[in-house]
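From these two lone chains plus the hints, build me the complex, please.
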Amino acid sequence: RKEVEQDPGPFNVPEGATVAFNCTYSNSASQSFFWYRQDCRKEPKLLMSVYSSGNEDGRFTAQLNRASQYISLLIRDSKLSDSATYLCVVNPWGDYKLSFGAGTTVTVRA
Amino acid sequence: EADIYQTPRYLVIGTGKKITLECSQTMGHDKMYWYQQDPGMELHLIHYSYGVNSTEKGDLSSESTVSRIRTEHFPLTLESARPSHTSQYLCASSASGNTIYFGEGSWLTVV
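Keeping their order, the protein sequence lines are chains A and B. Under the numbering used here, the very last position in the first sequence is 118; numbers go up by exactly one each time. Under the numbering used here, the very last position in the second sequence is 122; numbers go up by exactly one each time.
For reference, chain B alone in the conformation it holds in the complex (with noise of 0.2 Å):
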């Protein structure tokens, strides 16, 4: 099993609330990903880092914002949310082999 943990599992927010996302890996991976997946549709890239002060942007814009302070911890913020925002996100991490791991992902709902 992968050693890849994210907080909180589910979420509804009101609107404009501040939040962040947890993604926690003790694997030592260099790599940690953010993805973005409504129920029955594909997964979407839309943040990554290839270690400490690293963070990019992925293949589909979002206002949410990351941070890579630590190699273990790549939190996901959104300041603002807004229902549009509303979907899961899942956390990933991956060493130099490639194979990627997965967190059970945090679902959010904005009302």
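Chain A with its partners taken away, still in its complex shape (with noise of 0.2 Å):
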């Protein structure tokens, strides 16, 4: 089983939709968790770290699910400039190498 699991999408939503969701992982050890965007052919860059308290970015909103294992990623009031690969990582050990998703495609149409 990998250590972090995404819906590998293709998301396709209008302008102005809401779209959001999931990452899973494994263990429940894990201690920091972060969401990433990449565009085709570009390098992932940090979208916003994931709190126990959940967090507010913008239309951005993440969420920490411990229990369940799981952290999710909604985006209000979609932008063609949204359309993207969101990445969720996690770090499994404290001080350790991060586990990455394969990520969630998201395109937005006009």
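Some clues are possibly wrong.
[What the hints assert, rightly or not] Derived pair list, reagent style EDC-like, types lysine to aspartate or glutamate, alpha-carbon separation capped at 16 Å:
1. K53(A) / E74(B)
2. K10(A) / D70(B)
3. K10(A) / E53(B)
4. K28(B) / E74(B)
5. K50(A) / D90(A)
6. K53(A) / E53(B)
7. K50(A) / E53(B)
Derived from the structure by calculation, the hints contain no laboratory data.
Written out as structure tokens, the structure reads:
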């Protein structure tokens, strides 16, 4: 079983729609969680960290559910520029190498 | 913006040639990583380092080697390039807070 699993999508949504997707992780001792964004043929870039109480950054909301071992990302009022692959990143052992999900592809259409 | 740099950005080279992909970061990060990613596919960790003189192999077996003689520098070497090595190679670094920063990547094509 992979340490981090994501629904690959693609999620095809119209502009202005809300889209949400999850990422599950296998190690209950995981301590740090992140969402990264990767555009086609570009490097991944940090979108936001995920805190235990949940956090929001503009139109983006991240949640952590430790009991069920998943994190989520919700994008409100989708823009064309939100089209990208969103990578879930988990630190499974504390100060150790990170585990990346395979990514969820979101396509926002006009 | 992250201060992590990779050269060359694009390289086309013949089979059997030795290549070195350079990676440097100016953030003073102890941890550095090399990932391999084919277009549209997931990232695979091939090497990582926790500090000077520390290197470990990642989850994906790779014929490449790395060295970490200085904190800021983490080059990757292929002694004899083959077409199967054609891919994008992404260097990254992180500090104790675990946010990882990526370079822009090196696109390698072996013909």
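Consistency of the hints with the structure:
1. K53(A) / E74(B): Status violated; Cα separation ~27 Å.
2. K10(A) / D70(B): Within the cut-off at roughly 12 Å; holds.
3. K10(A) / E53(B): Since the Cα atoms of K10(A) and E53(B) sit roughly 12 Å apart, the hinted pair holds (cutoff 16 Å).
4. K28(B) / E74(B): holds (13 Å)
5. K50(A) / D90(A): holds (14 Å)
6. K53(A) / E53(B): Holds - the C-alpha atoms of E53(B) and K53(A) are around 15 Å apart, at most 16 Å.
7. K50(A) / E53(B): holds (13 Å)
Checked against the numbered hints given earlier, this structure breaks only hint 1.
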